[in-house]
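**Student:** The listed protein sequences derive, respectively, from chains A and B. Per this note's numbering, the very first residue in the first sequence carries number 2; after that it's consecutive. Per this note's numbering, the very first residue in the second sequence carries number 1255; after that it's consecutive.
Calculated directly from the structure, the hints in this document are not laboratory data. Just so it is clear, the structure is predicted and the values come from calculations on it, not from any experiment. It is possible that part of the hints are untrue.
[To be verified] Simulated DEER-style distance windows between Cβ atoms:
#1 1405(B) <-> 693(A): 44 to 52 Å
#2 1469(B) <-> 693(A): 23 to 31 Å
#3 1458(B) <-> 699(A): 57 to 65 Å
#4 1573(B) <-> 675(A): 30 to 38 Å
#5 1649(B) <-> 639(A): 25 to 33 Å
#6 619(A) <-> 1408(B): 55 to 63 Å
#7 822(A) <-> 1573(B): 43 to 51 Å
[Claimed, not checked] Examples of chain B residues lying across from chain A (beta carbon under 10 Å, computed):
#8 1308
#9 1309
#10 1310
#11 1482
#12 1640
Where a beta carbon is used, it is the ideal one built from N, C-alpha and C, also for glycine.
Residue strings, one per chain:
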Amino acid sequence: MTEPDDRRIDAEFPALADLLRTDRRAVLKVMAASMALAGLPGCGPAPETVAARGRGVPGHTPGAPLVFATSLTLDGYGTGVLVRSDEGHPTKIEGNPLHPASLGATDAFTQAGILTFHDPDRSRAARLDGQPQPAQRFERALAQVADEVTARGGEGLRILTGPTSSPSLAGLLADLLGRLPNARWHQHAPLGPDNRREGARLVFGDALETRHDLVRASVIVTLDADILGPGPHQVAYARGFAAGRREPEAGPKTNMNRLYAIESTPGATGARADRRLALPPSAIAAFAHRLAVRLGVAEGEAGSDPLLDTMAADLRVAGPGALVVAGRHLPAETHALAHAVNHALGAVGTTVHHTGPVLAGPWDESASLEVLAADMAAGAVSHLVILDSNPAYTAPGDLGFADLLATVPFTLHLGLWADETAALCRWHAPMAHALESWGDARAWDGTVGLMQPVAAPRHGRRTPQEVAAALAGRPAAARELVRERFQGDDAAWRQALHDGVVPDTALPSRAVAPAPGWRPAPPPAGAGGLEVVFAPDPSVWDGCFANNAWLQELPKPLSKMVWDNAILLAPATAAALDLENGAVAALTLGSRTLRGPVWTLPGHAADTVTLPLGYGRWSAGRVGTAVGFDAYRLRRADAPWLAAGAELRATGERHALATTQRHATMAGRDIVRTAPPVPREPPAQEPPPSIYPDYAYAGPAWGMAVDLNACVGCNACVTACQAENNVPVVGRAEVARGREMHWLRIDRYFEDQQTLFQPMLCMHCEKAPCEVVCPVNATVHDAEGLNVMVYNRCVGTRYCSNNCPYKVRRFNWFDYAQDDGVPAEAANPEVTVRVRGVMEKCTYCIQRIATARIRAKLENRPIADGEVVTACQQVCPSGAIVFGDVNDPDSAVSRRKRSPRNYALLGELNTRPRTTYLARIDNPPAGEEA
Amino acid sequence: MAALPHHEAGAIVLEQRFGWRWAAGFAAALGGVLVLAVACAGLFVWGVGVWGTNVPYVWAFDIINYVWWIGIANAASLLAAALVLRGARWRTSINRFAEAAALFAVLCAGLFPILHLGRPWLFHWVFPYPATFEVWPQFRSPLVWDFFAILTHIVVTALFWYVGLIPDLAALRDRARTRRGQVVFGALALGWRGSARHWLNHQKAYRILAALVVPLVVFMQSTVSFEFAVTVVPDWHRARFAPYFVVSGLLSGLAMVLVVALLVRTLLGLHELVTRRHIDIIAKLLLANAVVMAWSYGFEGFVAWQAGEHAWHSALEKVTGPFAPLTWGAMLGTVGAAQALWFARVRRSAPALIAVGVLVNAGVWLDRLVIVVGGLYRDHLPSSWGTYGPTWWEAGLLAGTIGLFCALMLLFVRFVPAISMFETHAEHGGPGVRPGVRP
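Chain B on its own, in the form it takes in the complex (with noise of 0.2 Å):
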């Protein structure tokens, strides 16, 4: 590391030629965000009915899209806050970033709570307002629960990321060279000088922050859980979901950070600052989660023994039924495909750990899927027991969610500091880009 030449950090984030490869990555992902908006339009012009969706299975992609995004954001911002706390010497290159995807992750959530409502132009009505009919909210509901974790997370999420930028914004206002920049590069750097109290109070800040977003993510992601957990539904009435979901969606969020951050070096080229040390640290937290998962998959099974015939019968026919597929899909994904990296060799290599990362974000995918609508497979009445089948409507959204994510990754990696400049400098003992200090 202490090779790294001092100007580096700062030269990455400012002077950084993004070429075809950019270009083409964001071509494709506005692609991505075309299809969300038809899948959009499509759903506001006829309804949810253009969904497979149906009694019982009343919930789809929507909800599985939403827990799903919900547990990228939630890891990843436990991630780069854990970091933050730690005060590890490699967070500086990866947390900015993973707060970035936080940020993005919980954007692509939130929507879904209101994309998948029957009538999605009404979603205020779950927001507590003086109604003038003083109808307030079922403050029994998870659904409300989940809307203050939702806003709460989106809230702390950004000002965490935000006072995280702000030296680097100071810097990027120092160093622009056109009126545009220098004024919204300034508002946004709040006034920020680089004195000694500046920094103590920057740094106070942004720790508590740190020290909000782990609490809030363990509540978040196990708020997201109730909304399954307090129901009657057999499968989903379980008080193990909460952990369930903090461990799988842990699981997603590290995976997806550990391909970010692969994509990120690829593309920028910043093998030095996102160095394999960085990757292989990542890496092992992601397996040392899969065992975590594993160890959750077994107790699942378990309780399921434990609990009476039916839900033996229940969970013997998610592995041998018409969701084994998808059940063993989803076990392989998590903690299968995160085995190989017990392997050093596979730790180091840049397609090996994209391929484990896009798995076990499948694997997460299908274990939600397994939950939202095979959770339905077996209710009480036999009567109503039925089918389900996607359309390409609800893919649209999986496929336009992610296409508007990695928009708006690659947006971020051009017109934001991706790596924290300034704390690279410190990390690094340079004095390179000092932030109210004009070269």
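Here chain A stands alone, though its shape is the one from the complex (with noise of 0.2 Å):
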């Protein structure tokens, strides 16, 4: 039968749209309705048609997935994906293994845009002042618009989009401010500006964007700059990272890279620091200055400071390997500064490398949101068109900028969500997602990667090219706009489809030089008071992912907190201002106030708090409304980063923050080792014996070793496995009982100077104390070694669980699989959706290992050594996971185990797990070494 085309039925009952929500009449309503209207389809243009294979292609398995390679963006900065579809539905992301900022894996955002594409509380209807509307009344509308507005050559029309580096808007963009040269294109990004590019502008006179190569990299400075964490670089960087301190299987590495890290908040990069200071953000411009003068490059006053006396060593003798990254956050000279450091030591060329602009956008002043707002308040703007960009929530505090919305006579918002923005907009359109779009993006090193649908997009969706092409007066399907500004044949159209990337379009280096009338700037005075940084939150980004399950209960990969954001400072701080975690306390930052919970952070600077942005979100969704506070409003447009004499004081109210990890340190056990460079002779163990027989292992036996040494706590292997096993989510409240499910977790453990992560999974013991416990025999052996759940078998004692010294199994308390929201298409229909009262865990991604199985037998071969790869070890930028099978000596995974940093976790319980760690590697300074 054929299904009912929703973009009919939209068309006839915009109003449907809000019946999301069904209850039982509303089902029958609509069953209704779809009987009535099945016979639609047949009037009507054709849709546009995804390939979905369903049934009839020669040589194609009904039921097999598909895989797209296509872009994600995050900041404007595009990812290659391969995605894969089940019977036309997204089911996992992939990274693009040809893709430079992917290299095959993913951050965590990525993984969860699968969610995000399913997200029932998407847009599916324009809506014309909130009341639904059919698609067609919207387009005459914009018509209509275009028409207006070019009668005045563009008088009054201003667009706003956010952070976009694709080129086929940029082009369509560029088309209509020729058209219609009195309009105007500003830009919005929430996690602007970057001073990165400024701070070029001022030491090399050109606004340059500038990337690093990590891997050429051997000594790191990071001024409040976390490389290592989340943002549209941290795959490529964590890579390079890794890369820089793998040793290799021959012996001990003697060239390993130095990470020195100066934060204010603590993150990725100071965790995995060999020299880690904590520094509030105006001490930390001063400190780049007394570096700079070291190095030669700035005068001044050096004083007297032995790590910077080190570090400036060290820098020197790295030379072209040396690189000085500042902070987005830090002001333009301390970026200046940076840049000249960099090419005063000849770093220009091997670790740094600076490039035209990647993100495509208007440049100049008067592009920015503060103009705008100073526009539509002055009444010169008639009509605001806002493409994918959520100003009424982002826009920083003082420019009112929800207020100025309602005086503008004609605004139009095209957003995925009807959000904050849509919500004081006269018209919304739904904005296709990435997913289900044409287009394009560039990487973070300029490479284009094309965009093409996973799935057709529904109720009326369209792309931001669309909705540019359709101002013009000059409406265009989507993938014509990206066709005729792509420079190639069919076939090279073609190919940059399959591949994901347009081959040769990565922006070369340009040669820089100081402006001869450049003079680093003087350190400034330190700022008084409190000091404030605003930060992203490395779960929810800038708030765009508010609305993601799976990044809601990401835990953050320091504070371990979910479902939340809270004010962080020093527990110092905190115990100065007699605050402890959970405690709400008001900040006063000028004439605003804001309240919030605290958290305390060891090792963050002290008497400066970070307000995580993203959260307060008041039209986000069912997911993201009403979580944590808005530290946006706190923001002024002039200093949108860093904020001086605030003021912070208990309320003497309580808020519950919940934490997926409650004690901080490892209590003096032996859990996270760590090793000096050149690893001492490892102690030869015999395991101890065991009553029951071993097994034999006829064909391969799984193994997992996880390598310390690159592993930065990035959660991307927590996402990519929730999304590859359809883990549930619980909330808040559940993850505070202690009840979350995720079956892989990072623990993050606070030791001295230290912070150590340690990817936590299920061991697969040889000798698994949960098997012998389980009273029907649910969890077992099998014959690849696998310690396997039976989930049909499960009776729930949770006995398992009790005798799992790792404390990786998960139990359904409740239907969490049924109850989390999380729509059925987006599972994976490989992996069976648990049900109440059985107990769940890790299995080694058992449906890739038969997978591989089914293919090597159908070619009648063994199974290859990394033919298998699990969800968690393919998603992880560091390449930190290694999996296959131990008992072929010269898989990846066995050579990795004979390293002599490989260690048992717990190994004295003689549970023999099959995943082992690599210990952790410091590198401290010379003269440091513990």
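From these two lone chains plus the hints, build me the complex, please.
**Tutor:** Listed below in structure tokens is the structure:
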């Protein structure tokens, strides 16, 4: 039977879009309407189709997944991905090995893209003043606006976009501005401005993009720059950093990189640093200046500081292998210093590359949001078209942007959700998600990646390109708009679609030299009082992921907090203010006050608070609305990143914050091991005897090795595991009760000055304690060494969890899979969805093992090494996880397990875990060896 | 004792008038049963998530209650069996309701292994039966051992109790005034006629069962301890758990029998049959047990001190950390409260004895809590250390099973000879009620 085309239903009954949350009556109504409208597919133009290969394609097995190469974006930067589609539903995102921003891995945000795509709260109707409208009516309105503004040469028309690198959108907007010279394009990046570019303009005279090659870096100094933390560059930088620390199999690494991190807010970079120093942001600028003085780039007071001396000496020795990175929120002058230092050390061309801008945009002062706001206040704006941006929420609080929106006669918002901005605009139109769009995006190095739809856009969803074209009076299909700007013939187009990458489009490095007139600015005076840092949140970023339950429940790498943001501060600062975790404090900055719970983070700079952005949304959807506090309200347009002179006081109230790890230290136990760069001989260990006989393995015996020296705690594996294995979301209250369901978690320990990460998943013990205590044989050892969980057999005694020393087993206390709001289409069809009352845990991605086994059997050969890749391994940007056959002495995992750093966690229990760890290597500066 | 009127024992059982006190007690107990029903309904509708359990504390009230009730059942059985075997003269008045208490306690205990499951409707998968897929239980799992232990316990306790009841059931049959009573008691009396051969066989069977019960309850109680002792949880992995569970279980069982005996004595007016001497002896036994328990706690500390740094820290945290009030409560309840029994005046005062009995039972319950929940407080990986707080649903299970136990006891004293009539008669030397012989 043909399914009634929802496009036509939307056209006839747009109000059905609001019937998403259905009760029984609504279901019956919709069913009746479906019956009545079943004939509608016969009329109207044929919709664009996306190949799903349902049946009847020769050589294709019905039910087998298809893989599409496309791109997703973060802050405008593209990441190439391979999307797996099962029966037309995108179910899993993997990195595209051909794409420079991915190289086969992704970050956690990209992994969670599947859930955003399937988000039932996504807008599904155009709206006029909040009322759903037929798509045709919106198209007519758009055409009418195009006529109106064309007549005036674009006078009064303003287009506001988020950060974008799309060549096609940039081209369309350039065309539009060419036709309508009085119109203007404004850009608003919630996590902007990026002071790096301004720093480059100061020192080199040109606002250049800067990218780093961490593979070639031997000494890295980060100045409040979380290069290993989340962001568009994370995958590439984490990979480069790990490469610079990886030991060759032959023996110890002699030229291991060394990382110095100066941080205000603890981040992944500080956690992996060999030497870390916490300083308030104002002091970091001064610190940078003193470093520049030592390196002869700046003049002034050098002061006495052994750490600075060591760093400067190290950087000098490294020369071209040196790298100094400043954080995006530091002043442009500090960036200028960092650029100049890199240049002076000869690092430009090796570890540092300057290129033309990757992001497309109107690069002049008049393009900013402030100018737009001023024009709106002056009444100079008659038509405001907002494409993929949510300024009502993300604009700095002092602009009062939400109020200004109401003064503009015609406002149009194109977005994935009917969000805060949509609520204040006259028109809202649903935007197509990247997985249902034709489009393009540049990677951090400028390489263009194409977007192609994995599923057809529904409910009249359209791309920004389509809206831009319609505004220009030349409406066209999204595919044509991208295709016509693609340079190449059909064969090249098809190849680019297949690969996901347009070859040779990376931006070339530019030779730079400090402008002759440049003089480093004197160090800024120390700020007084409590300093405030605004920072993107590692889980919801700038707020665009607020409605993604996987990311809301993703423990933040350092605090392990979920479903909330908090005012982050140092334990000492909190103690001085008589605040403890979960106490609600009032933070006053200027005339504005914000209330939020505080959370202490060891290693946070003193007298500084960090306000994570992205929370406190009031119209995000069912998941993200009213979670946490909104720090954008405190931001000022002229100083969006840093502020000083804040006042923090306790209110006496408490807010229950949920965390997945309640104990911060290792309590003196041997859990995460660290090793010096040149390892000592490992103690030869024979496993203690066991009363049960050993298993014999004729075929493969699976095992895993996790290199703690590579792990940067980025959480990509956690989300990948969740997406691959249909791990349910349980919500804040259940996490607070200790019932999170993640099969893979990253334990974080604060030890002395160190922050240690340890991914924890089922160890698949050879002598598994869980197996012997299950009364019904629901968890058993299989012929390939896996400890398998038979959900159907489980009666839920939970005894296995009691006897699991690693506590990696998760129990379905409620019917989480049914109740978590994650739509069934988002589920991996190859993995059982677990019911209430059964235990579950990591399976080593047994479905992937089975797929490989079947393929190998069909081809009559053994499973090759590297053929089975677990979801966590595949996504890991730093290659920390290696999986394979430990029965094969030549497999990658066997080779890695022969490292002297290899150890079994809690090996003294004689569980003989198949997942083993490689000790983390610390590379402290000379003279500081432990 | 000699002053006891001959017909009294039979009269108490057969002609006792149950006034408002019984009705009020039964109503209260039924209220408890209702709480149990609600707690179970919520559990079945929403799942075990209604409890406060989590990872790592996957067990809480469910297993605490189970261990507590099974300890009471075991100790009450042991007492009854020991009395039969010893041939103690004063057993006759005590051991029938000790047996009943054991049976009802094991019924209460037996609920929990089913209720605590994530999918309780599949509990029969623990049974070793030839299923279609030939999947058998995991015989290495203490939960399977436990299943056998509980089943054996229920069967043997019920048999022990029933065999002891046969002559009295025959007496009830003979005295029944209604046809229905005659049929029911007649069937239950298994054709008892009171011949010498019957008496001989009965005594043999009764004693054999009693002899079976003694090792059984020791095994049973040890099996419960294996649930903890065979794991890798540091605070559970202890060879001394088996005797520890036997001792502490005995304590709670004796306390429960004491409380029940005093309540029954008050309720039924059995001042002459359950004499001060009986009560005194149980109280002294309880005291002796509490001394052993004190030694066990001391030994626990000693071993922790010897077992290395982690064990010692863990033991110190038990008495100083968040579990300290519970640990001290357990010690004060078990060892402390029983110390009052050194004084004869306490042993002669029913309210004081009831207070001691309740305190001891509460202490043993807290002791179970400290083991089941507190044992996971410092597990292997600090990253998983968590917190646990009970919910009303869990508390409802405890209150509910106490209500169920009381309701069953009250029904028992009303409809079944709560005191062994034939033995009392034999002991008191009168003809009295001779089952099989119509008066």
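**Student:** Sort out which numbered hints this structure fails and list those numbers smallest first.
**Tutor:** 1 and 5
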